[in-house]
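Which chain is which? The protein sequence lines are S and P, in order.
Per our numbering: the first sequence = residues 1 to 317.
Per our numbering: the second sequence = residues 1 to 153.
Hints are computed from structural coordinates only; laboratory data are not their basis.
The C-beta atom is built at its ideal place from N, Cα and C for all residues, glycine as well.
Nothing false has been slipped in among the hints.
Partial list, derived from the structure: chain P residues whose beta carbon lies under 8 angstroms from chain S:
#1 L28
#2 G57
#3 S79
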Amino acid sequence: MADVARGDRGQLLIVSAIGLAILLTALALALNTAAYAGTHAAASDNGLHEQQAAIGYQASAERAVADLMAINDTTESDLRAAVEDWDQLTGAEYARDGAVTHVSVTDTTVENRIVQDDTRNFTDQSGADNWTVATNATAVEGFEMVLEATALSSSDDCTASGACFTLTVEDEDGDAWRLFASNTSENESVEITVETSNGTTETCTAEASSAPINVTNGVFVDESGAECSFTSFTEDDGVTAPYTIRYERATNVTGTYTLTVTGNVVEGSIEDDERYATTGSPRITPQIRAANVSISYQSPQLTYHGRIRVVPGDDDE
Amino acid sequence: MTMNDRAVSTAVGYALALGIVTLLTIGLVMGFAPLVTGQQAEATHSTLEVLGNDLAGDIERVDHLAAAAGPNGTVVLRSELPERVGASGYQIEIDETGENQRYEIRLRSTGPETIATVGFRTGIEIDDTTGTLDGGPLEIRYDGDRLVVSEDA
Chain S
1 MADVARGDRG
11 QLLIVSAIGL
21 AILLTALALA
31 LNTAAYAGTH
41 AAASDNGLHE
51 QQAAIGYQAS
61 AERAVADLMA
71 INDTTESDLR
81 AAVEDWDQLT
91 GAEYARDGAV
101 THVSVTDTTV
111 ENRIVQDDTR
121 NFTDQSGADN
131 WTVATNATAV
141 EGFEMVLEAT
151 ALSSSDDCTA
161 SGACFTLTVE
171 DEDGDAWRLF
181 ASNTSENESV
191 EITVETSNGT
201 TETCTAEASS
211 APINVTNGVF
221 VDESGAECSF
231 TSFTEDDGVT
241 APYTIRYERA
251 TNVTGTYTLT
261 VTGNVVEGSI
271 EDDERYATTG
281 SPRITPQIRA
291 ANVSISYQSP
301 QLTYHGRIRV
311 VPGDDDE
Chain P
1 MTMNDRAVST
11 AVGYALALGI
21 VTLLTIGLVM
31 GFAPLVTGQQ
41 AEATHSTLEV
51 LGNDLAGDIE
61 RVDHLAAAAG
71 PNGTVVLRSE
81 LPERVGASGY
91 QIEIDETGEN
101 QRYEIRLRST
111 GPETIATVGF
121 RTGIEIDDTT
131 GTLDGGPLEI
141 RYDGDRLVVS
151 EDA
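For reference, chain S alone in the conformation it holds in the complex (with noise of 0.2 angstroms):
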């Protein structure tokens, strides 16, 4: 009888243990949502990494294309090449780090100088006397022009159709502002006559072997020195933003000018443009000023991709 009592109170003890074995574990199992919070708050600095990332492609890709439009400042594929292998070279060492990226210029802001300062006529380097001096001119940021009064036509005819030698400023809607030259006098004199675009026209006269005339502000300098102004194609409103500028009959002209026009005006290059060349009268210098930039920046979290302009010089950071 008491061997099977001793064996009772083990019982007693299994049963106990057990039971606190199961409320320990239920605490434990409870409080265990409490850990996994913890743990969570530490895993949620990669959108932060990303972020910075991406930002320090973007700032990078920006200072390169800077850089390398002050290298390659005439023509778009020049820089267009270069920036292509800058990307070639940066988008392997970002790819170790498990993000594809990309840089590519998508258009540029070119601003051209067109000069003949040797006094000659006004056809271009193939002879040509009616020629588009510049297309889709987006700015013109400066004309000047000197002309001399010996080759002038001494016709009254200063028309559209007429002989004197004429530039044409028109936009896209086909509206002109025009400018005629002539000497109808019988001595040495320069006559400008400008036709806006909705048919009124001013005349200014020099009596004088030559004469400046700024287009782009509108003012003629007579022989005495005294100022004519007119209305200039950047005060038409009726002449919109891009321009398309010719010269006609430009065989009865001689004198100088300078032409400073905003917009890709260069067909391929230079050299193979007959208009213009590098070197002699009329010459044209182009320069990027600005370029519009796409950068592509993708990892497994972020796709980023942006537009950005870059204006060399222009420290907007």
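Add chain P to chain S, keeping to what the hints say.
For chain P alone, kept in the frame of chain S given last:
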């Protein structure tokens, strides 16, 4: 007589001990149950708060990136949020709370029932047709106009 009494005392002692242990166990469980449930709710709430801050941070990140990307840029960020918190899933709602792109993220868990709210501000408007999202990986997208938060497919 004495022999008989001793045998009874063993049985009584055994029954008493078993009863006391059972009472103690029930008492412990009953006593700890509210504490544990409270602890669980607390833990879930703080987890939701952490997730809300994570999401707010990611939205602000996309907002900053969008500003850098320019008007024609696009930004897509995957926000890695867990599917479940504690024992159950949860829902996410984004509401506008005031002028100048002030927003509030409300995260609601059903078991235990608790709601966490996190306020934040963006420079770009958030699409207001988002509705209620299920907890889990989200996609935050800038499409050139506004920020769109959606469940990651």
